[in-house]
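J.: As a plain string of letters, each chain reads:
Protein chains: 2
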Amino acid sequence: MLNLLKTFLIGKPLLTSELSHQRLSNWAALAVFASDALSSVAYATDEILLVLKQVEGQPIFITPWVAIAVTTLLGIVAVSYQQTIHAYPDGGGAYTVSKENLGTIPSLIAAAALLVDYILTVAVSISAGTAAITSAVPALYDHRINIALILILLITVANLRGVKESGILFSPPVYAFIGCIGWMIGVGLVRFLIFHEEPTQPPLPPLMLLEPQEPLTSLIWLRAFSSGCVALTGIEAISNGVKAFRPPESENAGKVLKRLVFILGSLFLGISLLSWLYGITFSDQETLLSQLATVIFGKGLFYAVIQSATASILVLAANTSFADFPRLASILARDSYLPRQMQNLGDRLCFSNGILILGACSALLVQLFSAKPHFLIPLYAVGVFLSFTLSQSGMVLRHFRIKEPNWIGKTVMNLVGALATTVVLLVVLRTKFSHGAWIVCLLIPALVYWFILIRRHYAKFDLQMSLPLELPSHRQLKHTIILPISHIHRGVLSAIEYARSLSHNIRAVHISFDETSDTNMKSEWERLAPDIPLAILNSPYRSIEKPLVEFVKKVDAEDPQDLITIVIPTFVPPRVWQNLLHNQTGLQLHLAFRELRNVVVTMVRNHLQ
Amino acid sequence: MLNLLKTFLIGKPLLTSELSHQRLSNWAALAVFASDALSSVAYATDEILLVLKQVEGQPIFITPWVAIAVTTLLGIVAVSYQQTIHAYPDGGGAYTVSKENLGTIPSLIAAAALLVDYILTVAVSISAGTAAITSAVPALYDHRINIALILILLITVANLRGVKESGILFSPPVYAFIGCIGWMIGVGLVRFLIFHEEPTQPPLPPLMLLEPQEPLTSLIWLRAFSSGCVALTGIEAISNGVKAFRPPESENAGKVLKRLVFILGSLFLGISLLSWLYGITFSDQETLLSQLATVIFGKGLFYAVIQSATASILVLAANTSFADFPRLASILARDSYLPRQMQNLGDRLCFSNGILILGACSALLVQLFSAKPHFLIPLYAVGVFLSFTLSQSGMVLRHFRIKEPNWIGKTVMNLVGALATTVVLLVVLRTKFSHGAWIVCLLIPALVYWFILIRRHYAKFDLQMSLPLELPSHRQLKHTIILPISHIHRGVLSAIEYARSLSHNIRAVHISFDETSDTNMKSEWERLAPDIPLAILNSPYRSIEKPLVEFVKKVDAEDPQDLITIVIPTFVPPRVWQNLLHNQTGLQLHLAFRELRNVVVTMVRNHLQ
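Those protein sequences? They're chains U and P, same order as listed. Counting in this note's numbering, the first sequence runs from 159 upward without gaps. Counting in this note's numbering, the second sequence runs from 159 upward without gaps.
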């Protein structure tokens with residue numbers, strides 16, 4: 159029955175031989191790789207406005223200037239990633255680049271930063287997508303956590319079914335989003351120019367403000383800038399996935415990266431400009447895009463289209479992490495830095511364990527941060543710029559090492575990229591540390607430590623499990639059997655029978671909670687198996703495991719040469735759910751005896767009708 | 159290490175002999191049994207105002223009249239419960255009374271209604287308690303679900319530690335709440351009379367209202383009344399717990415019930431009256447008590463005291479369900495209507511499983527209904543009045559059957575109670591069905607069906623597990639051993655050794671995902687155990703279980719007389735967390751073979767250093 163449910167949810171298993179790779183056309187690739195980067199347009203300007211909200215007079219005229227600075231940084235980083243694309247035609251993720259050029263620890267730092275970022279991408283994108291929905295339907299605002307959790311559940315199931323990052327799936331929402339936002343920017347600008355309005359002042363904040371107002375200092379500019387930098391997330395996706403392009407792969411990937419940067423920069427600049435022109439301020443309950451669309455088009459059909467496209471591209475952005483996280487986790491598992499199960503291909507040829515872990519972690523984040531994008535975003539930028547910095551620095555060292563043609567020019571480009579991202583990383587750490595970035599600063603070293611611990615465990619394990627050079631000679635085992643009996647029932651008969659077939663040295667044992675029933679037990683046992691001695695042990699704390707483990711240790715000490723086999727009578731009800739009606743003592747004992755050496759556990763099952 | 163954590167969280171195990179019962183003085187008993195009933199004052203009037211909010215002009219003048227009707231009902235129900243207290247000095251819960259007087263099915267309906275209500279009590283009380291907190295600190299409003307979940311977690315842990323319903327724990331918050339609210343009502347009335355203000359009109363609703371406004375019809379009166387009836391929840395607690403009173407138990411319990419009804423009625427009427435006088439309307443973000451306290455005392459120290467006392471009594475109300483739910487569940491388990499594990503006394507002598515299930519269910523409700531009391535309350539009243547009705551009807555039939563002195567007068571009192579609660583039940587069903595009561599209407603029959611199913615399973619099980627009259631004669635078993643091998647490692651050696659000690663008829667089997675490694679496997683096996691045949695099975699769908707189960711079935715069919723023992727080599731890492739780094743194939747296989755008859759599963763463990 160559980161199997162049926164599984165098949166219903168994730169579909170029939172696929173043959174291993176069905177694993178295949180497809181190549182994407184440039185237009186499809188733009189849709190597939192751009193959703194993460196473009197979707198940040200839906201929340202990046204909100205984050206700038208949120209900073210300005212706490213400043214005297216809400217100086218939203220800053221926004222376009224901050225947007226220009228962020229777009230300049232975007233250009234620098236993009237030029238830098240062009241080098242990566244050509245240097246690593248098989249895909250140059252930050253982990254790969256750092257491992258090859260910087261060494262183990264930096265590569266593990268990059269890996270940890272990436273894993274954390276993939277989780278945050280899901281949490282932020284889904285929260286922002288939910289905000290797009292609740293902006294359109296305010297009655298749903300109170301249900302936003304449940305909406306976000308359901309979206310994560312749906313994406314998880316879709317990925318367990320093995321959804322492919324196909325152009326057919328990604329193109330409509332991505333191009334709809336680009337079209338809608340582009341159209342809105344155009345109409346918004348034209349309307350503003352024709353009607354020649356003065357840039358609107360934001361409504362003055364109400365007198366009773368909860369948050370204290372600060373003056374406009376250079377720290378505010380830095381905070382606004384580092385908030386806006388969230389627009390850069392996802393820009394590295396193309397450099398990871400060069401292999402998915404049609405040949406010549408690197409040239410095509412480079413072209414698509416240029417297009418992406420142009421579109422992303424234009425949309426982000428346009429939105430930021432409009433937010434100033436129309437005097438829009440940060441609102442907790444309604445996104446900037448929703449406010450702009452309402453002002454420019456009114457709450458009609460086109461408004462609904464914009465909100466739907468926004469929600470869709472954000473869901474797709476989360477979906478890309480569901481491809482990236484499990485892939486990186488499987489690579490780390492191959493290198494023994496994560497549990498080997500992360501490499502298991504599920505029924506539908508996807509890395510099921512990675513998908514499940516990503517789903518669970520992002521759901522936890524959404525829950526803890528109440529599905530509010532601006533609670534989550536301060537955690538986001540640290541990991542992004544950390545992996546940018548490591549990746550670019552790795553490229554610089556690579557150029558020095560390989561010294562390919564034109565290496566000096568390329569080095570300069572990557573050096574500028576590395577320096578710029580380092581500076582931004584420091585700015586982000588300075589301005590966002592107390593807003594939540596400290597969590598990531600603790601998490602990344604913890605993950606690196608964990609990677610190393612896991613690798614060390616596997617090394618030890620492989621050493622211990624390898625066969626000895628000399629195979630031991632055959633040895634005749636002497637058996638002692640222990641038979642735990644909770645009460646006398648039919649299942650005990652088959653356990654006795656099995657025990658007798660192994661050895662004549664059998665010891666039955668009963669754990670007593672209630673001394674009144676013991677005499678009854680004794681006389682029944684006399685009738686059943688007079689040849690097997692029965693020990694009755696009291697358990698004043700109502701534990702079954704502890705006295706049994708003590709008993710087994712005592713029997714073992716009596717004759718250390720013997721191998722002890724514990725024969726546990728257990729029963730299997732006809733339906734799986736009926737297991738809930740029984741104590742599962744068998745399984746409990748199984749776990750209780752796991753620490754004991756020289757002990758074998760045998761389950762003799764009785765099937766009920 | 160897990161054990162250490164458990165001990166840290168819930169404390170050291172207690173001896174079974176430490177189980178004891180204590181008697182409560184009347185003042186302590188009032189605190190212990192009244193918290194649930196009194197705490198409803200914190201939200202009952204809000205519910206009336208919520209109904210009126212959707213009516214043209216927000217006719218809050220209705221509120222006191224509705225409150226009078228509810229208080230009258232309270233009096234009737236209380237008189238009726240006086241009879242129960244005297245008839246069942248050992249405790250007359252709805253389940254007991256229905257079982258004795260109405261038969262099995264009505265008693266199961268009462269039990270289902272009670273279980274659902276205990277869960278809802280926790281969810282509603284904790285949500286309302288959180289609302290008291292977020293009314294005082296609006297910045298926490300967005301975090302209310304997490305606050306509510308943490309509160310549930312804390313109460314669950316406290317109950318797993320075996321917290322007792324002691325007068326010392328309950329008296330301070332309960333009497334503080336009574337005192338604070340009483341004082342507020344007094345001050346509020348006096349202030350109003352002295353300043354001779356006209357009853358304030360509520361502020362007119364803003365023009366852009368999301369909800370359509372209805373005219374004031376008699377259906378509105380009914381809806382307001384049925385919403386106010388939530389004030390009656392918890393009134394039956396005393397009749398369940400007569401045994402906890404000092405002798406003469408019934409007299410004392412009767413006295414305490416009278417006091418409780420007087421206090422509850424006064425507070426509820428007072429609050430409802432004040433809400434009208436001060437023209438307070440329903441707010442989603444701030445509770446009525448918080449609004450009243452702000453108007454009357456301002457947001458100072460006394461305001462903080464009121465909110466703290468309110469939050470505390472609501473948490474205590476939730477805590478009473480943590481005593482009642484597991485107790486009822488254990489009674490149902492004793493009668494075989496629930497899994498027998500519900501009777502297990504945990505380390506701290508509490509019914510741990512019931513506590514955990516209640517915690518999980520109420521957390522789920524809080525999550526699904528976003529910790530909003532008014533989303534949850536429509537589900538609440540159905541179960542409450544269903545169990546009231548069954549309990550009172552049972553009392554009527556009991557009087558007819560026993561015909562004790564003055565039975566006619568007593569019958570009349572219970573009959574009036576039964577009729578009143580039946581009418582209210584119908585009103586609640588009529589007015590709240592589409593607001594969520596339908597969920598409970600589906601849930602209660604489902605639970606009853608499940609009770610019956612469970613009882614039937616246990617009956618069948620006991621029959622099958624009872625010993626045959628004639629014990630079978632000894633029979634010599636013939637063993638066939640199957641040895642599943644994933645790859646060749648040191649652990650395989652001990653498994654081979656063990657298998658050889660059981661039988662010479664051994665079959666090794668390897669599941670292959672990747673044909674290239676098979677030849678290597680074969681030659682290694684030749685060196686290791688040339689006398690044991692190795693079968694290599696392909697698994698194109700990457701499943702280990704399916705081909706193995708097929709293989710075992712095939713081997714079984716070859717010689718049905720043999721008993722098959724599957725010897726699984728497995729290893730135990732030195733630390734528990736390291737189990738996460740291995741595939742747990744042993745456990746997986748264990749579960750996969752559970753359906754197979756004539757098969758015994760043996761785990762041979764290898765301990766790593």
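Hints are computed from structural coordinates only; laboratory data are not their basis. For clarity, every value in this text was computed on a predicted model and none was experimentally measured. Just so you know, even glycine gets a beta-carbon here, dropped at the ideal spot from N, CA and C. A portion of the hints provided could be inaccurate.
Straight-line C-alpha distance at most 30 Å; calculated BS3-like pairs for lysine-lysine [claimed, not checked]:
| hint | chain 1 | residue 1 | chain 2 | residue 2 |
| --- | --- | --- | --- | --- |
| 1 | P | Lys-530 | U | Lys-530 |
| 2 | U | Lys-164 | P | Lys-704 |
| 3 | P | Lys-636 | U | Lys-636 |
| 4 | U | Lys-530 | U | Lys-211 |
| 5 | U | Lys-164 | P | Lys-711 |
| 6 | U | Lys-457 | U | Lys-416 |
| 7 | U | Lys-457 | U | Lys-257 |
| 8 | P | Lys-711 | U | Lys-170 |
| 9 | U | Lys-704 | P | Lys-561 |
| 10 | U | Lys-530 | U | Lys-257 |
| 11 | U | Lys-457 | P | Lys-211 |
| 12 | P | Lys-322 | P | Lys-211 |
| 13 | U | Lys-704 | U | Lys-680 |
| 14 | P | Lys-211 | U | Lys-704 |
| 15 | U | Lys-711 | P | Lys-211 |
| 16 | P | Lys-170 | P | Lys-413 |
| 17 | U | Lys-170 | P | Lys-712 |
| 18 | P | Lys-680 | P | Lys-704 |
| 19 | P | Lys-401 | P | Lys-170 |
| 20 | U | Lys-164 | P | Lys-712 |
| 21 | U | Lys-401 | U | Lys-170 |
| 22 | U | Lys-457 | P | Lys-636 |
| 23 | U | Lys-618 | P | Lys-680 |
| 24 | P | Lys-636 | P | Lys-413 |
Some chain P residues well away from chain U (every beta-carbon gap over 12 Å; in silico) [to be verified]:
| hint | residue |
| --- | --- |
| 25 | Phe-460 |
| 26 | Ala-529 |
| 27 | Phe-729 |
J.: Run every hint past the structure and note whether it holds.
T.: Hints and how they fare:
1. At roughly 18 Å between alpha-carbon atoms, Lys-530 (chain P) and Lys-530 (chain U) fall within 30 Å of each other, so this suggested pair holds.
2. For the hint linking Lys-164 (chain U) to Lys-704 (chain P), the alpha-carbon distance of about 15 Å falls within 30 Å, and the restraint holds.
3. A C-alpha spacing of about 19 Å is found between Lys-636 (chain P) and Lys-636 (chain U), which places the hinted pair at or below 30 Å, so the restraint holds.
4. Pair hint Lys-530 (chain U) plus Lys-211 (chain U) holds up; C-alpha atoms about 17 Å apart against a cutoff of 30 Å.
5. Among the hinted pairs, Lys-164 (chain U) with Lys-711 (chain P) is consistent with the structure: their alpha-carbon atoms are about 24 Å apart, no more than 30 Å.
6. Restraint check: the Cα-Cα separation between Lys-457 (chain U) and Lys-416 (chain U) comes to about 35 Å, which exceeds 30 Å; the hinted pair is violated.
7. Between Lys-457 (chain U) and Lys-257 (chain U) the alpha-carbon distance is near 51 Å, which puts this suggested pair outside the 30 Å criterion.
8. Proposed proximity of Lys-711 (chain P) and Lys-170 (chain U) is supported: the alpha carbons are some 23 Å apart, at most 30 Å.
9. For the proposed pair Lys-704 (chain U) and Lys-561 (chain P), the alpha carbon gap of about 55 Å is over 30 Å, so the pair is violated.
10. A hinted pair counts as satisfied when its Cα atoms are at most 30 Å apart, and Lys-530 (chain U) with Lys-257 (chain U) does not qualify at roughly 35 Å.
11. Note on Lys-457 (chain U) and Lys-211 (chain P): the hinted pairing holds, with a Cα-Cα distance of about 26 Å set against a maximum of 30 Å.
12. With a CA separation close to 41 Å, the supplied pair Lys-322 (chain P) and Lys-211 (chain P) exceeds the 30 Å bound.
13. Note on Lys-704 (chain U) and Lys-680 (chain U): the hinted pairing holds, with a Cα-Cα distance of about 22 Å set against a maximum of 30 Å.
14. Annotation: proposed proximity of Lys-211 (chain P) to Lys-704 (chain U) is violated, straight-line Cα distance about 61 Å (limit 30 Å).
15. Of the supplied pair hints, the one linking Lys-711 (chain U) and Lys-211 (chain P) is violated, its CA atoms being roughly 71 Å apart against a limit of 30 Å.
16. Our distance criterion of 30 Å between C-alpha atoms is broken by Lys-170 (chain P) and Lys-413 (chain P), whose separation comes to about 39 Å.
17. Using a Cα cut-off of 30 Å, the hinted pair Lys-170 (chain U) and Lys-712 (chain P) holds, with the two alpha carbons roughly 25 Å apart.
18. Distance check on the hinted pair: Lys-680 (chain P) and Lys-704 (chain P) sit about 22 Å apart at the alpha-carbon level, within 30 Å; holds.
19. Among the hinted pairs, Lys-401 (chain P) with Lys-170 (chain P) is consistent with the structure: their alpha-carbon atoms are about 29 Å apart, no more than 30 Å.
20. This hinted pair checks out: Lys-164 (chain U) and Lys-712 (chain P) have alpha carbons roughly 26 Å apart, not beyond 30 Å.
21. For a cut-off of 30 Å, the pair hint linking Lys-401 (chain U) to Lys-170 (chain U) stands: about 28 Å separates their Cα positions.
22. Note on Lys-457 (chain U) and Lys-636 (chain P): the hinted pairing is violated, with a Cα-Cα distance of about 80 Å set against a maximum of 30 Å.
23. Taken as a hint, the Lys-618 (chain U) and Lys-680 (chain P) pair is honoured in the structure, with Cα atoms around 26 Å apart against an allowance of 30 Å.
24. Annotation: proposed proximity of Lys-636 (chain P) to Lys-413 (chain P) is violated, straight-line Cα distance about 74 Å (limit 30 Å).
25. With a least beta-carbon separation of about 21 Å from chain U, Phe-460 (chain P) lies farther than 12 Å from that chain, consistent with its non-interface assignment.
26. With a closest Cβ-Cβ approach of about 9 Å to chain U, Ala-529 (chain P) is found to fall inside the 12 Å limit, against its non-interface label.
27. Under the 12 Å C-beta cut-off, the non-interface status given to Phe-729 (chain P) relative to chain U is violated; the minimum distance is some 7 Å.
In the structure shown, a violation is registered for the earlier hints numbered 6, 7, 9, 10, 12, 14, 15, 16, 22, 24, 26 and 27, in ascending order.
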